[in-house]
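Asker: With chain A fixed as given, assemble chain B onto it according to the hints.
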Amino acid sequence: MASFLQQVVNALQWGSFYALIALGYSMVYGVLMLFNFAHGDIFMVGSYIGFFIATGLISLASLGIVTLPGWALVTLTILLAMFLTSFVGMLVERIGYRPLRGAPRASAAITGLMIGIILETGNLALLGASRQKFPDIIETTTFQIAGVSLTNTKILIVLISLLIMLALHQFIMRTKWGMAMRAMAYDFMVVPLMGVPLNTIASLTFGLGSALAAAAGVFYGMAFPVLDPYMGIEYGWKAFVAAILGGRGSVVGAVIAGFLMGFIDIFVAAYFPSTMRNLIAFSIILVILTFRPHGFFGQPHSAQLRL
Amino acid sequence: MADTVGLTSPPERKGIRRLWFAFSQLFAHTPLLGWLLGVLLASGIERIAGTSFARLIGLGKAPVLFGVDIALKTPALLPATLLYDLIIYVIPIFLVVRFLSPLANRVAGWLLRYPMGVSAVVHVLLLYFGLHLWTGVSDYRVLVAKLMLIAIMITLSLNVVNGYMGEFSCSHPGFMALGAYIASLVTVVLLVGGSNFGPARLPAALGPFLFPIALILGGLVAALGAMLVAFPSFRTRGDYLAIISLAFMFIVKSLFENLEALGGARGFGNQPNLASLPVVFIWTMLCIWIINNFVQSTMGKALNAVRDGELAADAMTVDTRKTKMIAFLFAAFWAGVAGGLFAHVLRYVNPGTFGLQKLAEVLAMLYFGGLNSVTGSIVGAVGYNLLSEMLRPLELFKWIIIPLLLILVMLFRPTGLIAFREFNLRNILQPKQQPSKEEVKNVPSAS
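Sequences listed follow chains A and B, in order. Position 177 of the first sequence, counting from 1, maps to 179 under this note's numbering, and the rest follow consecutively. Position 270 of the second sequence, counting from 1, maps to 287 under this note's numbering, and the rest follow consecutively.
In isolation and in its complexed conformation, chain A is listed as follows (with noise of 0.2 Å):
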């Protein structure tokens, strides 16, 4: 029974991740109707912008020019980490994106794994093919409850996430500019015409999506603290299938598809031999999307592929 429970901590913080990537993708696809296939390379270029933020401010602390406590460390590196990849991403959307608005679909999905690659190899050119160790930012303590072991990083990862999660809801139910995503989602031949700027929407729908991403990279590095570059392939690609999993566009059911993603990983892991973890989890979602291809929360809708 422990270690049942040990395996759906160590669940909910993989599946955390997971619910985070598969976020950005979700929105994409639900405003755009693109797949943004560099979007698992933007959650690698977080995780390296949130390294180079908290070996800074640790080395800050250590030069003895200023001295941050250690909840502001995070916070810090967290909240940087997100300002500074959604423009990683709002860059991808400007480079990759916007020229091919009229183009079929597709070519936009190929430029962004073009893109993807470049972020990869760029990364492996300028920091060399060395693995990055993420630093401490916060010092682990370890629980034991029930014979359950908890660290506070994996409290705290999860509780973040989840507060994102729910702020970002807050934000797509209740602000102007959430409704106007909405909107964009339901018809975005039509919603650009009655004023709604389609360029800016589009914009703050990737910033937004490769902000979740970075947080989940910063996330990942304090987990997990060695980072390489091709870190965001496997996660990028399954995160993605867990977005269509959710539903088009549905912030509930990535988040749901996010953590089963998790939930699936581990568990059969734990159960069998780890070889077997992509074999299996891909069968269940096989199984899943034959039942129900739509997704748990999409609506079946008549997709006018522009190609």
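These are calculated hints, taken from the structure and not from any lab test. On a predicted model such as this, the values are computed, not experimentally measured, just so you know. Glycine included, each C-beta is placed from N, C-alpha and C at the ideal position. A few of these clues could be false.
Chain A is faced by these chain B residues, among others (derived, beta-carbon under 10 Å) [as the list claims (entries may be wrong)]:
hint, residue
1, Ile260
2, Ile424
3, Pro431
Answerer: Then chain B, alone, in the frame of chain A:
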């Protein structure tokens, strides 16, 4: 005022465009046959004199891929490689194209009096001889040529789904893996044997006859796998094919990683050496021929109709689901055959080969060349492979330059370089200059 002039007189060409026009006029009357003869001559010259000429101008050996790789490694050798290319390739081809084109035109016209197949076979044979001579210089070239031909098959088969059908399929690496493993299994078990499989069951001399059967079996198994993808995803229109095919690709890769009998993650090797250049060439030509016929058939037109408007196609009596299924299985079959060839060219496969990297590569080749076009797929596969091999000395920066190039192609030609072009055999094979009037009069009277 300038506008009214522009309406009546032919468009004025200035600067580079004018030069380009004059340049293209030099070759306007050369049929394909002329170009093939030129390539044949250049490859022959290189075969006979290439190495000694390369030594003469200070290159160690004949540059493998037009010297680009050498020049990138040591820029000081750039003039020598340029000279080599000029003397060995450019000048012979130019001379043949410029001065033998009347002869080539006459031969091409004469060939077209027989059924088109005869002319096509002659052209393909010439192409093969050119390729054979060109690759004869080094084993590396043979490998590059084989992989290029296989890439053509894969790109073409993906084009049937992503281009002609207009869906977004991600499962081609999975189909390739199925084909590769099944074909390898057949040949290894029957012809080679091994610790897992016991002794060889058939004499090795039967290899060339067994190989096509193994490849077709691999293709059929890939098509069977495609059925698994097609059933759930073609029930609804939308992007679900993208997701389900992606899941399928991961499943296949993971499956082979866990099959210890086939080597697991360590890979599966020891395939017999059956995929020689002529074999790969014949299969590629067969693939181009059949896929070209398929997309120009009624089925192909129905496929295009489904892409452009499924409801409308349905109303026009197209059985949309059946059409999509057949096209998808057909594409998977050819991807499987290509996978089988791939395994026998490298004589080793491992599941890691058929992952996301392969997917990105196949998609890049397809969208580089162009959707909905057989020519586009050939250009894309050949261009991508040549570029990728030539830029190899740049190591890491290769993976910045190639994606950048592809992004530029996408920005300026969103559907690829040569998209939506029909592949018309007669236009390609026919002489580019009609025989003079007297000849036209003489031919019917003489015959």
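Asker: Each hint should be assessed against the structure and marked as holding or not.
Answerer: Here is how each hint holds up against the structure:
no.: 1; hint: Ile260; in the structure: 5 Å, holds
no.: 2; hint: Ile424; in the structure: 5 Å, holds
no.: 3; hint: Pro431; in the structure: 3 Å, holds
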